[in-house]
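Number of protein chains: 2
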Amino acid sequence: MTQIPISKETIDAIAKSNKIANPGTASIREMRKMIQDVEAETGVRYIKMEMGIPGLPAAQVGVEAEIEALRNGVASIYPEIYGTQEVKEQISLFVKNFLDIDVPTDCCVPTVGSMQAGFASFLTLTRYDKKKTKVLFIDPGFPVQKQQCRVLGIEYKTFDVYDYRGEKLRGKLEEMLKDGDVACIIYSSPNNPAWFCFTDEELKIIGDMANKYGVIILEDLAYFAMDFRQDYSKPGVAPFQPTVAKYTPNYVLMISGSKSFSYAGQRIAMMVISPELFGKECPDLARYYSQTQLGRAMIFGTLYCLSSGTAHSAQYALAAMLKGANDGSYNFVKDIHEYGEKAHIMKKMFIDNGFYIVYDEDMGEPIGDGFYFTFCYPGYTGVDLLNELIRYGISAISLDITGSTRQGIRACVALVLRDQFPDLEARLVQFHKDHPIAK
Amino acid sequence: MTQIPISKETIDAIAKSNKIANPGTASIREMRKMIQDVEAETGVRYIKMEMGIPGLPAAQVGVEAEIEALRNGVASIYPEIYGTQEVKEQISLFVKNFLDIDVPTDCCVPTVGSMQAGFASFLTLTRYDKKKTKVLFIDPGFPVQKQQCRVLGIEYKTFDVYDYRGEKLRGKLEEMLKDGDVACIIYSSPNNPAWFCFTDEELKIIGDMANKYGVIILEDLAYFAMDFRQDYSKPGVAPFQPTVAKYTPNYVLMISGSKSFSYAGQRIAMMVISPELFGKECPDLARYYSQTQLGRAMIFGTLYCLSSGTAHSAQYALAAMLKGANDGSYNFVKDIHEYGEKAHIMKKMFIDNGFYIVYDEDMGEPIGDGFYFTFCYPGYTGVDLLNELIRYGISAISLDITGSTRQGIRACVALVLRDQFPDLEARLVQFHKDHPIAK
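Keeping their order, the protein sequence lines are chains A and B.
Start counting at 1 in the first sequence, then tack on 66, and there's your number in this note's numbering.
Start counting at 1 in the second sequence, then tack on 66, and there's your number in this note's numbering.
One chain only, chain A, in its complex shape (with noise of 0.2 Å):
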């Protein structure tokens, strides 16, 4: 096995091979592909903190109904593209236990993936109102959704919250508002790539602008109840996973099975339209469907014609697991529990050798240890720290490609196994040696 740090050479000539100018600026499948050449060259285990994906098994309750599912013959049966009756009600009776609003089962669709749900949303959401045409991004982001903007031609506006927590929320968002263009605001909470959470008060904030704009507020609920400061594990009973639905009837919520479920693989997830604008009546949406009530554009509309629905099964898997939390047989949020557990170690890590979390308070609290963190070190660019960070057998992400203004690296927890641990403490404290922090 090479020594640590591994050369700048040996680096080099494997980011030239995959085609890689600067690994620093690499993109997530870039990098992963990148660092499984560096491993298979050098034979390093690399710490590897790129990619967003689960690291614990899928639900084992919707593995099961999944299964059982298929044995029923679900796989010769086109799902109705509204989603099968019983994971409609499982999802409102979901955002009932645990967001604690009120939607009727004809606004809960399952859609394939959140991905699904953003494009389907990006696309109809512009066309309602043929004034309202931009998409605006609260960054930092997940990067693919301004790819999904790009490829549909439509414009977006961006800002950094980093500078505008709290009431100066209010008038940034004033300022990208104004000129009435704005169709949808999309921001995820917890956040990816930073893992900050919205206030109440800031989400209140969203939602005053929302119904002052008459502007569709798109809420990426990715990392639902993964904010760990609090526990959102009880069905029912309160504190609830915040959300801007509480402050305005212009809502979309996107919420993935993926993270929270573990349920990746089998792209599924819930959007979850409020029922004021499921039967808005637009006109203007006549120019592209046969339905001008917005739920059924979006449904009969956008969301039949992308794939005709989701994979059958995993709709079932989806309603087990669903039905799981809501009768409490399922506690998903303590299974999921072990990111917040190993971010917790490994912020120390990091921390104890010099460097420092980059998006690290919501308003004056320390943000919750959860799927990511943001880091940089003193006198670092986040692409310049990326790149000396892999010779020391680590690999992660730049902020650059999540909208952020801030130098830093995002860090998930998911993929780092605790065996892994005494490693990565190495290596920080070996870093933190070979570069001494100037007075």
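Do not rely on the hints blindly, as some may be mistaken.
The calculated lysine-lysine pairs, modelled on DSS-like cross-linking and capped at a C-alpha distance of 25 Å, are [said to hold, decoys possible]:
| hint | chain 1 | residue 1 | chain 2 | residue 2 |
| --- | --- | --- | --- | --- |
| 1 | A | K200 | B | K196 |
| 2 | A | K82 | B | K346 |
| 3 | B | K223 | B | K198 |
| 4 | A | K270 | A | K244 |
| 5 | A | K346 | B | K85 |
| 6 | A | K196 | B | K200 |
| 7 | A | K200 | A | K234 |
| 8 | B | K197 | B | K238 |
| 9 | A | K238 | A | K312 |
| 10 | A | K85 | B | K346 |
| 11 | A | K346 | B | K82 |
What the hints contain is simulated information worked out from the structure, not anything from laboratory work.
With chain A fixed as given, assemble chain B onto it according to the hints.
Relative to the frame of chain A, chain B by itself:
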């Protein structure tokens, strides 16, 4: 149970309560819902021919493989966007064995049904050359594909091929393509709704036109190997499923898992891109994609942001079914032959009672017996005939919504059970008696 024919008043009242102005023009979904209500009201067990869905169980080899994959933990693992290695290899082998074409695994990608393959193709293929922005539909066809173009804001042209079979197709295509603004041509063969099949002569004409005008052919092979006039079931042995791929390198094939393998519920299909097209460098793609190579734009640009792949377990199902087909252990054609046998019996009942087949020949040869057939009755438009047949406990859809210029009805045999054949015959006999044909 109500006597047949059911009174017009009864039907009209139920149509009204379903907000259907004219049942003869109802969509598939509307017809299905209305007939459910009529059955409930009257006790009549309908001959239901409106839904083009499998009437057979899913291929068992697929179901077993999918269950095993779930037991092995794939539900928590994102599939690679370009597909599992196994499924890519099996698709490549499959198109060699059954279409006799050579396509590298890179160019073989699983999609969330042909629905997603079509959507992705329309989106990507109308951008690779900024002069080529339109889609040409060789009708009749599957109405949802036009809906996809409308939702995407893509202009399309259409013509009904009924009057342009054989050499006449060449001149018609020249006329439709000469403006140089067509990006791709789409058709299905065997055809939905009409079950005609293009001859090799016609496919060569289409291929010639693709080469002459630089147009991409989007060949919808949803009813793969289902022209039962030939035995396409033997891997690697002629005859092979006819394809335009023999005549032009400008092709994207969509091979659905829904009918040939009865795997409709799981939303899994194959997109096969010609290697020349896959590697084509298209600077105009840079307006929307970071990749300018057509195949990479399709996969990493479009397909990725549509849904980030298909259900992972469904790819294992597809790979297993293809493997069985490829090694000869699973004769998928034999399993679906039932459709052709039912069609043969049903068509004879219609013809013996004064009905005629609308799309009846491929260049002088009677069309095959398969999943669909089209029929009409002297003196009736398709819509009027359908309205009347509904009173006789028979439901279907009119050809109007398919882009056909002919009067008539599309019948799907899949959901008609053999024990209903006596009822079907009796009702057709009665219809014929009640509607004498004017000499």
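- Pairwise hint evaluation, K200/B against K196/A, where the allowed Cα distance is 25 Å at most: holds (23 Å)
- Message: Run the distance test for K85/A versus K346/B: straight-line Cα separation, threshold 25 Å.
- Response: holds (19 Å)
- Item | 25 Å Cα cutoff - pair K238/A, K312/A | holds (21 Å)
- Hey, K346/A versus K82/B, does the alpha-carbon distance stay inside 25 Å? holds (23 Å)
- Task: Given the hint that K200/A pairs with K234/A, test it: the Cα-Cα distance must not exceed 25 Å.
- Result: Within the cut-off at roughly 22 Å; holds.
- Query: Is K82/A close enough to K346/B, meaning Cα to Cα at most 25 Å?
  - Reply: holds (24 Å)
- Query: Between K200/A and K196/B, is the straight-line Cα distance small enough, at 25 Å or below?
  - Reply: holds (23 Å)
- Message: Holds or violated: K270/A and K244/A, Cα atoms, limit 25 Å.
- Response: With Cα atoms ~18 Å apart, K270/A and K244/A stay inside 25 Å; holds.
- Query: Regarding the pair K223/B and K198/B, is the alpha-carbon distance no greater than 25 Å?
  - Reply: Distance of about 13 Å is within 25 Å: holds.
- Task: Mind checking the alpha carbons of K346/A and K85/B for me, to see if they're no more than 25 Å apart?
- Result: The hint holds at about 19 Å.
- Message: Check the hint pairing K197/B with K238/B against an upper bound of 25 Å on the C-alpha distance.
- Response: Holds - the C-alpha atoms of K238/B and K197/B are around 21 Å apart, at most 25 Å.
Hint compliance for this structure: every hint is met.
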